[in-house]
Amino acid sequence: MIEPSDSPASSEAPNWRQLFTLREDSVEPSSLSGLAFLASGIAGRQLRIYLLAPAQPSYTDGQTIFLNPELSTTQRTAVAAAHAALIDAGSLDSQCIRAISLRPAVAARFFSMELPRAVRGCESLLPQALVTNLPLPENICGSVEESLARAKDHRHKVKPTESWLGVLRPRRMLRGAGPGSANAVAGKLDSFRINQLEEHDEDEDLDTSSAKVMKLFSSPLASANWLTDMLQQILGMGRGGAGEEENDGSGGAHGGGSAHQASGENLEITDSSLQMNTMDERLPLLPQQTDWKYPEWHAGKGRYLPDWVNVNEIEAPAEPDQRLEPCDVSMHTLAQQLFKVGVEFENHRRQPTGDDIDVDALVEHLVDRATGHTHEENIYCNSQRTRRDLSAAMLVDISRSTGDRLADGKTIFGQQVHAARLISRALSYFGDRVAVYAFHSWGRGITRLLRIKGFDEAEGALIDGRFTGLQPSGLTRLGAAIRHASFRLQQEKYHTHRLLMVFTDGFAYDDEYEGRHAEADVAKALSEARERGVACVCISIGSEQRDDNLERTFGTSTYLHCQKVRDLPARLQRLINTALRVTEKTR
Amino acid sequence: MCLFIEGASTGIDPHSLHEQLAGMIKPYYIPVGKEEAFFTAAYKQQLSVLLKGPTGVGKSRFVEHMAQQLGRPLITVACHEDLTAADLVGRYILKGNETVWQDGPLTQAVKQGAICYLDEVVEARSDTVVVLHPLTDHRRELNIERLGECLKAPPEFMVVLSYNPGYQTLLKDLKASTRQRMVAMDFDFPPAQVEKRILEEIYDIGPELTDKLVRLAAVMRRLDAPGLSEVASTRALVATGKLVREGMSPRDAGVAAMASALSDDPEVIQGLTGLIEEYLGD
Ligand SMILES: Nc1ncnc2c1ncn2[C@@H]1O[C@H](COP(=O)(O)OP(=O)(O)OP(=O)(O)O)[C@@H](O)[C@H]1O
Ligand SMILES: [Mg+2]
Chain A
1 MIEPSDSPAS SEAPNWRQLF TLREDSVEPS SLSGLAFLAS GIAGRQLRIY LLAPAQPSYT
61 DGQTIFLNPE LSTTQRTAVA AAHAALIDAG SLDSQCIRAI SLRPAVAARF FSMELPRAVR
121 GCESLLPQAL VTNLPLPENI CGSVEESLAR AKDHRHKVKP TESWLGVLRP RRMLRGAGPG
181 SANAVAGKLD SFRINQLEEH DEDEDLDTSS AKVMKLFSSP LASANWLTDM LQQILGMGRG
241 GAGEEENDGS GGAHGGGSAH QASGENLEIT DSSLQMNTMD ERLPLLPQQT DWKYPEWHAG
301 KGRYLPDWVN VNEIEAPAEP DQRLEPCDVS MHTLAQQLFK VGVEFENHRR QPTGDDIDVD
361 ALVEHLVDRA TGHTHEENIY CNSQRTRRDL SAAMLVDISR STGDRLADGK TIFGQQVHAA
421 RLISRALSYF GDRVAVYAFH SWGRGITRLL RIKGFDEAEG ALIDGRFTGL QPSGLTRLGA
481 AIRHASFRLQ QEKYHTHRLL MVFTDGFAYD DEYEGRHAEA DVAKALSEAR ERGVACVCIS
541 IGSEQRDDNL ERTFGTSTYL HCQKVRDLPA RLQRLINTAL RVTEKTR
Chain B
1 MCLFIEGAST GIDPHSLHEQ LAGMIKPYYI PVGKEEAFFT AAYKQQLSVL LKGPTGVGKS
61 RFVEHMAQQL GRPLITVACH EDLTAADLVG RYILKGNETV WQDGPLTQAV KQGAICYLDE
121 VVEARSDTVV VLHPLTDHRR ELNIERLGEC LKAPPEFMVV LSYNPGYQTL LKDLKASTRQ
181 RMVAMDFDFP PAQVEKRILE EIYDIGPELT DKLVRLAAVM RRLDAPGLSE VASTRALVAT
241 GKLVREGMSP RDAGVAAMAS ALSDDPEVIQ GLTGLIEEYL GD
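Chains as they are written, first to last, in this note's numbering: chain A, 1 to 587; chain B, 1 to 282.
Don't read these hints as lab results, they were simulated from the structure. C-beta: ideal position from N, C-alpha, C; glycine also. Among these hints, one or two may not hold up.
As the list claims (entries may be wrong) - Listed below are several chain B residues computed to face chain A (Cβ distance under 8 Å; list not exhaustive):
hint, residue
1, Thr-84
2, Tyr-92
3, Asp-211
4, Asp-224
5, Glu-267
To be verified - Here chain B is said to cover these stretches of chain A; the calculated rule only asks that three of the stretch's residues, wherever they fall, bring their Cβ under 8 Å from a Cβ of chain B:
hint, segment
6, 36-42
7, 120-127
Between the sequences and the hints, there should be enough to build the whole structure, so can you do that?
In structure tokens, the structure reads:
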């Protein structure tokens, strides 16, 4: 079900922020974004530029180029370009780097020889002024191997590069899982090995975060146990686990509870996993339930955390005798709006106007006229956007926070669920393919999608029962939920238009998933979806989330923040059509 | 529907005209490789050609050039999703009390022995593209169902299709049976040397600015920024040069033609602007 080796975790839960926040001694001023583009273009892959604290020499770790802030503007450009060129030239591939990582003097000689070689190699890409500014020696090595050999041979004289051009930091390079070790797992193992090396190394500091990484990998078995324990418990697979939890509000002494407790945010999380446990007794596991792993975007690091979130999808339990919270929109008004959404051209005959003559109709018309009858001149064919061509999935946030009561006594949860049901019915009625999912999460180990209606299921009492059976609980790992729903939509090959409608209060929040990190991950998940041809629309009904937060989270896609469901229909059609159009352009 | 009829009618031989004026007029197209020979061979063997490549790399320009070289009229149809078979073949229109048949561009091209160029052909619906099938295999004939006629295409008639595989979706694609009937030519950004000649010889952009533009374009084309689907094309470089000739600063012209024009994402525009400044600033 889950590969333990992919999921670093320890009995002493790691603090994710410590692991991945960038070093405090560097910042990324937006004025450097031009340089970042320059470096990315030269290296042929995405790089970022950060400024170091004063007096530190410039270097790159393969993902980011760290610049000394005292450099002049032209020097900055030159250093950024030169280090990007090193990446492009393969000078920093892991085999070379590993060979010199423990020998600072060799590394310096290697750097002095590779820099000119790399710059020469991409000369035609560089601004002319820069090429003239960069002091390039006469005799330049022909290959990395040659540079490496000469660097190791101390009899060989090497002219050191000027100090403003920065330095090579092999260990930072390996830790950054540079170009040569793009493979994620290999990258992690690399950093483990390197951290060990660094313990007896004075030039590079062993900071707390890397110490943690090392710990993670030092006990792979422990982490595996922790994860399986927790999942068994949450999924209700372990015997008795759930029951014990219920009586013991402290979270228990084993499994998920203990792991969360150590993370410091135990209260909220342990509490909600309790709810989940009670609920789980009714939730059957699907016969072939599979778990999906999705990456998460780490904005601070500027890269994905591979296989980071575990998502499972199960059928929602039906509670047929319940009723939905009332809402003041009729299916009729919604249907009117949705009728014009996701439609394509189709040919119509016997029209009063059009581009082409409908010859049959014309002949009849002429005959009628000749025989003295008069009819309307419906003798044209034209093409109109009337052919339904849409697959739509709805994703409803049913985390605990959506259960809050609004001023009028209704809940965000109830309003969202109701709106989703109406829209689902309307679209199904038009013949579109529709799926509805509810989701919530408990840390990155489990993001659950409850399938209320699958694409192949027909509307009916069973589906209604699943809508009424929903309860708010858990947290909101929104990015993973979006990735999974988008994956489901991508499997839909029947139609041209694919639409994902996300109903959420906009508080993306989960264990080690909040604030800017969560917002950036959601924005990333939405743009991934769009790039794969899935149009996204985010709808917040009655949310108290501030608009600037919503803007950051959903800003890249179309979103709607309305106070009441009543406000929804009037804006829905524009909203969806904009999203579909934008997606079409991105593709 | 857009329809352009260009080039000389069959009577004049623009080839000899071209010869005469050689040395006096600027080149219209600068060959990148063997594309002229390839196209001529396809033309002589009555094969249909599919031009693939990103936007603004000279596909349309090349077809215009070849039509001129071969002395054939060129009929261009810009394809779009509403394009119907009738738009290509022709239709009856009402005139007074009578219906009159009007030829579509494809029928005109067959009758004139012209080169018929369908630009962005994947935009057209596949049921529309199917009318090309009998024209582009050994039959070389156009069925006009409504007239009950079947036109035989003369040997000079040629079909050329173009499309940009980059921004296509998985959903929009040419039918395999259409692809089967084509020989394909891949276009990409011209190499630096050719691009320099295009800017200098055709558009009179000075060597200094040309050098900067070509370097900038080389870096931009290697960029893989999210939110940037198309990069600076030859067309964009030409546009920058033209704006500079009108007195704009290279930096402003570059930003107008290569940053804002390519993206609406403020962060991408900011990054591109910074990049452009590195090359074209002061
Ligand atoms: N080899 C070339 N010789 C002369 N001009 C060229 C050449 N390549 C590109 N150009 C210039 O680039 C411009 C754009 O080319 P063109 O319009 O043919 O692009 P295209 O490939 O047809 O693009 P699209 O797919 O957007 O239609 C031309 O107007 C011309 O100025
Ligand atoms: Mg063109």
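Original post:
Looking back at the hints listed earlier, which ones does the structure fail to meet?
Top reply: Failing hints: none at all.
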